[in-house]
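S.K.: Here is what each chain is made of, one letter per residue.
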Amino acid sequence: MSSNTDAAGRALRPGPAHRWPLVVVLAVGIGLAAAPVAFDMFSKAPKGAVMIADFRPYMTPSRLAGYQHELAEIDAGVKQTDTSVADYLDGAGGRRQFNATYSDFAAFARQWPAIDSKMTELMDQVQGNLGNYRAVAALPSFRLFPWFFVIPGLLVAATALAVLLQPSCWRAGRWILIVLGVGLVVAPAVFQMFGRAPEGGRMIAAFKTIETTENVQQIQGYFGSMAVGQGAVRLEIVPALEKRGLSETRTSAQFPAVTQLDADWVHILNDMTPMIGAMSDNVPNYQAVASLPPFPLFPWFFVIPGVLVAGLALGAGTRTVGAPAEPTALSEMSTNQSTLSKGAS
Amino acid sequence: MIRRALVLAVLAATVPAAFLAAPAGAASTRTLHGTFKITAGSCATSSVTGSWFRMVYPGGSVANGKFFDNPDSECTTDKSYTLIVPGTQGGLVTGTYQPVPSPAFNSQGGALANGIIQPQSFTGIDFSISTNKVDPQSDQKVPAPSIKQSGGNLTGQVTAISAAWNKLYFNQGSPKPGGSTPGLTEKLSGTYYAKTGAYTLTWASAIVGGPFNGFTGVWHLEGTFARKR
Chain A
215 MSSNTDAAGR
225 ALRPGPAHRW
235 PLVVVLAVGI
245 GLAAAPVAFD
255 MFSKAPKGAV
265 MIADFRPYMT
275 PSRLAGYQHE
285 LAEIDAGVKQ
295 TDTSVADYLD
305 GAGGRRQFNA
315 TYSDFAAFAR
325 QWPAIDSKMT
335 ELMDQVQGNL
345 GNYRAVAALP
355 SFRLFPWFFV
365 IPGLLVAATA
375 LAVLLQPSCW
385 RAGRWILIVL
395 GVGLVVAPAV
405 FQMFGRAPEG
415 GRMIAAFKTI
425 ETTENVQQIQ
435 GYFGSMAVGQ
445 GAVRLEIVPA
455 LEKRGLSETR
465 TSAQFPAVTQ
475 LDADWVHILN
485 DMTPMIGAMS
495 DNVPNYQAVA
505 SLPPFPLFPW
515 FFVIPGVLVA
525 GLALGAGTRT
535 VGAPAEPTAL
545 SEMSTNQSTL
555 SKGAS
Chain B
636 MIRRALVLAV
646 LAATVPAAFL
656 AAPAGAASTR
666 TLHGTFKITA
676 GSCATSSVTG
686 SWFRMVYPGG
696 SVANGKFFDN
706 PDSECTTDKS
716 YTLIVPGTQG
726 GLVTGTYQPV
736 PSPAFNSQGG
746 ALANGIIQPQ
756 SFTGIDFSIS
766 TNKVDPQSDQ
776 KVPAPSIKQS
786 GGNLTGQVTA
796 ISAAWNKLYF
806 NQGSPKPGGS
816 TPGLTEKLSG
826 TYYAKTGAYT
836 LTWASAIVGG
846 PFNGFTGVWH
856 LEGTFARKR
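Chains as they are written, first to last, in my numbering: chain A, 215 to 559; chain B, 636 to 864.
One thing to keep in mind: the hints can contain errors.
[Unchecked claim] Heads up, simulated SDA-like pairs for lysine to any residue below, C-alpha to C-alpha not over 20 Å straight-line: (1) A:K332 / A:L278; (2) B:K802 / A:Y281; (3) B:K802 / A:R270; (4) B:K714 / A:S317; (5) B:K802 / B:N741; (6) B:K802 / A:Y272; (7) B:K714 / A:Q434; (8) B:K822 / B:G700; (9) B:K830 / B:T790; (10) A:K261 / B:V843; (11) B:K802 / A:D485; (12) A:K293 / A:A323; (13) B:K672 / B:Q753; (14) B:K714 / A:Y436; (15) B:K701 / A:Q406; (16) B:K802 / A:Q434; (17) B:K714 / A:D318; (18) B:K863 / B:T731; (19) A:K332 / A:Y436; (20) B:K802 / A:V480; (21) B:K701 / A:N429; (22) A:K261 / B:S773; (23) B:K714 / A:A323; (24) B:K714 / A:F437; (25) B:K822 / B:P693; (26) B:K714 / A:G435.
Honestly, the hints are just simulated from the structure, not real lab data.
Sequences are here, hints too, so could you generate the full structure?
M.R.: Pasting the structure below:
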């Protein structure tokens, strides 16, 4: 009998002192791997990726500032038309006649303050979440999210299962589990999830009132009103000014806000319409992302299992177990069974 | 002998007549290959005549709206009608595609397709329609328009019709690519008078996706059908 064999001639190898920590690790691994299925992440996470990608062209400081500028431009044009242009065009009938003659504009001018307030508030909200959006966009792609759970989960579960079935591979298995556990703990820090995930959570919360069908339809309605109002300025009021003898240059000098709105309208449409489209198209994508577990919890979905896996692997302890010196298939099976029953006792 | 001759004469007279007289409700269905030439829309009278397009707001109905007002409409009494003017090919050609040109848009986002209809201004930007093998909005393969007539009624599909506006595409077919009829989408229907070729075609197509998601385009074309030679 040598020092690394027992009385039966079996090779002595280190195995786990307790089996239960490995059973818990196995459960943690299975839980981690199954989490994306439980949370329906395979269908929801790609929708989040689509939403992040669709918003990207609009979520830039210059583009968002551009929308604010365009709203201010419409506001100035509407106010100038409603005041100095109306005064200029007022006939003997005064303001009442102006409103009757340019009824489309008059109707729009009444709606505009509410539209302006709502749209400006919306743009403020979006602009205020630019940093949060960028934080989320900087995270690894949402499409990969489920696999961040599945791959480590399966590795942890497979390692734990292998050690439970073959305690003699405990030394290697233990190291693998510790490395996986530490990896799970460290990954959120590497991806700066502790900072970015709560920011993403804030963006999701802020968009709760924006990314709804009702809100999108309201904005579509505003678009219709704005088109009618601007159409009245472009097709009725500016020609009326010309009819009153104002040249293009004089109109521009006397009513610069109206001229500016008229000149920029197509650009405003070019700019705003696709954004409304992106908002509309992403209502279901937003709702899918919003129904995922709260973003601030995501780092902990890795850290807690990681601590458990590494801690249990360390805490399982080591004791020497026997294995046949020259194993055969049958003897190996019987040895494993006896080792398992010993461990269980 | 005389009796036999009489029987034969009666048979000769009645049998062909019986075959020729089609029973009621069994009118033959014929696919119309050719061009549905468009008569331009007009608001000259109190009611709109000719060909036109309207857009229903989400939550509205094809019959009663609410309809989107196009400030550029020539119909001063009801700006929800955008009049249609025939394009260089005279109208909608069945059995083939009238694809979007390249480039499809001018620098301002105005549509340049002018085969079926002439581009018309819609809120300041030109829109137009085309038919394409692959629908530009949904990226799905779609069949060329096909219209059948039976007993003076028109049926069929115009799935491939795509509206272009502001550098965006909106499928305006019926049924939609894939064969569905979502929202207020209504199947193509119409009338056809074979003697003169006069026709009317109407369909509605819900807009799926994009800035007008949930709106529905209502199309009414009328004119004369010219058979393909």
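S.K.: Check each numbered hint from earlier against the structure, then list the numbers of those it violates in ascending order.
M.R.: The structure breaks only hint 15.
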